[in-house]
Amino acid sequence: MPNEIQTVEPRISRGLRDLLPDQMLARQSMIDTIRHVYELYGFVPLSTPAIEFLDVLSGSAGQEAQQSIFRVSNPEEEALGLRFDLTVPLARVIAQYRDLPRPFRRYQVSPVWRADKPDKGRFREFTQFDLDSVGTETEVADTEIMAGMCDTLSALDVGRYLVRFSSRAMLNLLLDFSGISAKQGVDVFRVLDKLDKVGLDKVSRELMNGYKDESGDTIRGVGLAADQVDRIKRFLEIKNDNRREVVTQLRALFANLDHAAAQIDTVERISNHLYALGYDDDRVSLDLSIARGLAYYTGPVFEAILLDAPQFGSVFGGGRYDDLVMRFLGEKIPAVGASMGVDRLLAALAHLGRVDSRKATARVLITNMDKSLTDDYLQMTWELRRAGIPTEFYIGMAKRLGKQLEYADQYEIPLAILCGSNEKAKGEVTVKNMAAGRAKAGALNDRSAWLAERPGQTTISRDKLVDGIRELLAEIESAPNA
RNA sequence: GCCGAGGUAGCUCAGUUGGUUAGAGCACCAGAUUGUGGAUCUGGGGGUCGCCGGUUCGAUCCCGGCCCUCGGUACCA
Numbered sequence: 072m073p074n075e076i077q078t079v080e081p082r083i084s085r086g087l088r089d090l091l092p093d094q095m096l097a098r099q100s101m102i103d104t105i106r107h108v109y110e111l112y113g114f115v116p117l118s119t120p121a122i123e124f125l126d127v128l129s130g131s132a133g134q135e136a137q138q139s140i141f142r143v144s145n146p147e148e149e150a151l152g153l154r155f156d157l158t159v160p161l162a163r164v165i166a167q168y169r170d171l172p173r174p175f176r177r178y179q180v181s182p183v184w185r186a187d188k189p190d191k192g193r194f195r196e197f198t199q200f201d202l203d204s205v206g207t208e209t210e211v212a213d214t215e216i217m218a219g220m221c222d223t224l225s226a227l228d229v230g231r232y233l234v235r236f237s238s239r240a241m242l243n244l245l246l247d248f249s250g251i252s253a254k255q256g257v258d259v260f261r262v263l264d265k266l267d268k269v270g271l272d273k274v275s276r277e278l279m280n281g282y283k284d285e286s287g288d289t290i291r292g293v294g295l296a297a298d299q300v301d302r303i304k305r306f307l308e309i310k311n312d313n314r315r316e317v318v319t320q321l322r323a324l325f326a327n328l329d330h331a332a333a334q335i336d337t338v339e340r341i342s343n344h345l346y347a348l349g350y351d352d353d354r355v356s357l358d359l360s361i362a363r364g365l366a367y368y369t370g371p372v373f374e375a376i377l378l379d380a381p382q383f384g385s386v387f388g389g390g391r392y393d394d395l396v397m398r399f400l401g402e403k404i405p406a407v408g409a410s411m412g413v414d415r416l417l418a419a420l421a422h423l424g425r426v427d428s429r430k431a432t433a434r435v436l437i438t439n440m441d442k443s444l445t446d447d448y449l450q451m452t453w454e455l456r457r458a459g460i461p462t463e464f465y466i467g468m469a470k471r472l473g474k475q476l477e478y479a480d481q482y483e484i485p486l487a488i489l490c491g492s493n494e495k496a497k498g499e500v501t502v503k504n505m506a507a508g509r510a511k512a513g514a515l516n517d518r519s520a521w522l523a524e525r526p527g528q529t530t531i532s533r534d535k536l537v538d539g540i541r542e543l544l545a546e547i548e549s550a551p552n553a
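Plus 71 on top of the position in the first sequence (first one is 1) and you've got the numbering used here.
What the hints contain is simulated information worked out from the structure, not anything from laboratory work. It cannot be assumed that every hint is accurate.
In silico DSS-like cross-links for lysine-lysine, where the CA-CA straight-line distance does not exceed 27 Å [to be verified]:
#1 K430 / K511
#2 K430 / K403
#3 K403 / K442
#4 K497 / K474
#5 K273 / K191
#6 K191 / K310
#7 K474 / K430
Ranges of calculated distance between the beta carbons of each label pair, as one might list FRET restraints [stated by the list, open to error]:
#8 G230 / A347: 23 to 31 Å
#9 G349 / K474: 52 to 60 Å
#10 S492 / A469: 35 to 43 Å
#11 R509 / I466: 19 to 27 Å
#12 D353 / K474: 50 to 58 Å
#13 P182 / D312: 32 to 40 Å
#14 G230 / R142: 37 to 45 Å
#15 F124 / A418: 30 to 38 Å
#16 R509 / D170: 52 to 60 Å
#17 R305 / D394: 25 to 33 Å
#18 G230 / A323: 31 to 39 Å
Remember, it's a predicted structure, so these values are computed and weren't measured experimentally. From the three backbone atoms N, C-alpha and C, an ideal C-beta is built for every residue, glycine too.
Working from the sequences, and respecting the hints, build out all of it.
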């Protein structure tokens with residue numbers, strides 16, 4: 072006998088995972104909700120290959136970014152890699168298809184890959200949902216992206232949330248104000264991005280000489296002088312629930328800087344558009360501590376957090392990146408967009424109990440009680456399907472009815488149809504409400520009594536199959552907890 | 001990357017002061033029940049005891065190296 076067969080251990084590489092049907096159903100329903108919002112906004116879908124040329128991917132990224140690109144080989148031995156975000160491929164598409172009408176407003180939901188060390192909630196393959204407007208400088212585009220983030224989070228019923236925004240222009244003014252070079256600025260932004268996590272004290276020490284943390288690790292400092300850090304602190308101290316107030320304080324702080332007024336005007340216009348549309352201070356705040364680590368942002372930057380699940384961090388982030396397409400075209404094409412971490416948001420939704428947890432798509436299982444009645448079963452199955460009721464006919468090997476009902480139970484299919492020679496003779500079918508039986512089963516220890524009761528079982532006329540099933544399903548769906 | 005803990009069945013873990021045949025619960029399969037699903041009982045399948053080497057008459061156990069996992073920390077375009 073086949074004891075000697077060489078088997079392969081079923082496994083997947085680290086940082087990757089399977090999404091089983093119940094997870095996929097929850098994810099798809101979330102994505103459908105989001106897609107609905109963006110299509111309402113008039114965004115169009117885009118798909119690009121997982122694999123891109125390495126030079127297409129890596130030009131915009133820093134060197135540590137290049138390390139986390141998954142390399143891919145092909146028979147031609149070209150230098151290829153898996154995309155690590157959806158923004159770079161978008162820039163490539165814009166540069167490659169010159170006749171695409173602009174502004175090009177697209178959404179894309181796709182997996183991306185990063186060869187980082189996996190961690191809790193961090194995978195090497197994960198899905199992003201991006202939306203971007205390419206080819207327009209107007210701050211209405213920025214406004215629209217932020218409003219879209221709000222509407223998405225509202226539609227997902229995540230509870231209270233906050234979209235925080237700032238602008239790279241404000242941070243650049245801060246560099247001028249503090250006498251920091253643009254080169255050092257990149258490090259400064261990276262450190263400021265940690266403000267939420269580690270606090271002002273550690274951030275200011277890291278901006279100066281660095282320190283040793285609890286684990287004995289050395290945090291290298293950026294090397295700023297004390298008065299420079301002082302000026303950064305004055306900037307960060309501008310905190311207010313009211314966006315108008317933040318703008319006023321910004322104007323005061325940067326009163327002596329050239330071009331400051333025009334830059335602040337842009338931020339103010341976005342804020343005012345949002346006020347006008349009803350996106351008030353309770354869910355959109357002008358928060359100057361938002362830096363976003365990403366180097367390619369050039370204007371407004373924004374991110375969203377869930378106030379009822381803050382431990383999940385930023386679930387949605389983005390900004391304006393006017394120079395990204397330039398690498399491909401040599402021509403400046405302004406763009407603004409946001410990217411949502413599908414997995415992170417889904418985890419947060421699960422934490423908040425806001426995901427619908429279904430295991431099956433079928434609402435009805437037709438059991439196979441009598442092989443000679445197969446054609447009747449198929450007839451019923453397609454009758455229900457053609458009426459739009461998701462229906463499954465039991466095609467497994469188990470002959471015992473108990474096994475078939477157990478199958479319905481395992482997949483949480485709410486209704487099972489039983490039709491043997493008895494029912495057929497009477498022109499009826501027996502329908503079991505699986506949840507009703509399940510509720511009774513918990514209380515009963517005596518199997519025979521439970522069997523005799525036949526809980527949740529009703530009879531409907533074969534002629535009225537579709538109507539009868541519709542009625543029962545409507546009952547189940549309106550029940551408080553089915 | 002750094003610090004710490006760990007790796008025994010599909011999952012969660014027990015165990016062996018080094019000794020013949022390595023266990024439990026859950027899950028899975030079959031039956032009690034050939035037309036009734038989360039209960040109960042009976043039986044069953046499933047293990048390179050992470051990998052390689054060393055010590056030993058003998059190693060899942062002791063020693064060394066490696067790999068991997070988990071917690072903390074750093075990084076994260």
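Here is how each hint holds up against the structure:
The suggested pairing of K430 with K511 holds, with an alpha-carbon distance near 21 Å, which does not exceed 27 Å. Restraint check: the Cα-Cα separation between K430 and K403 comes to about 48 Å, which exceeds 27 Å; the hinted pair is violated. Restraint check for K403 and K442: not satisfied, since their Cα atoms lie roughly 69 Å apart, outside the 27 Å limit. Pair hint K497 plus K474 holds up; C-alpha atoms about 25 Å apart against a cutoff of 27 Å.
Among the hinted pairs, K273 with K191 is consistent with the structure: their alpha-carbon atoms are about 24 Å apart, no more than 27 Å. Between K191 and K310 the alpha-carbon distance is near 32 Å, which puts this suggested pair outside the 27 Å criterion. Note on K474 and K430: the hinted pairing holds, with a Cα-Cα distance of about 18 Å set against a maximum of 27 Å. Our hint of 23 to 31 Å for G230 and A347 holds, since their Cβ atoms are close to 25 Å apart.
Remark: the range hint 52 to 60 Å for G349 to K474 is upheld by a beta-carbon distance near 56 Å. Distance hint check: the CB atoms of S492 and A469 are about 19 Å apart, inconsistent with the given range 35 to 43 Å. Distance hint check for R509 and I466: the Cβ-Cβ separation is about 23 Å, which falls inside the suggested range of 19 to 27 Å. Range check, D353 to K474: Cβ separation about 55 Å, and the 50 to 58 Å hint holds.
For P182 and D312, the Cβ-Cβ distance of about 38 Å falls inside the hinted range of 32 to 40 Å, so the restraint holds. At roughly 41 Å, the beta carbons of G230 and R142 sit within the given window of 37 to 45 Å. Against the hinted window of 30 to 38 Å, the Cβ-Cβ separation of F124 and A418 comes to about 33 Å, which satisfies the hint. Range check, R509 to D170: about 59 Å between beta-carbon atoms, so the 52 to 60 Å window is met.
Taking 25 to 33 Å as the suggested C-beta distance range, the pair R305 and D394 conforms, at roughly 29 Å. Between G230 and A323 the beta carbon distance is about 35 Å. The supplied range of 31 to 39 Å therefore holds.
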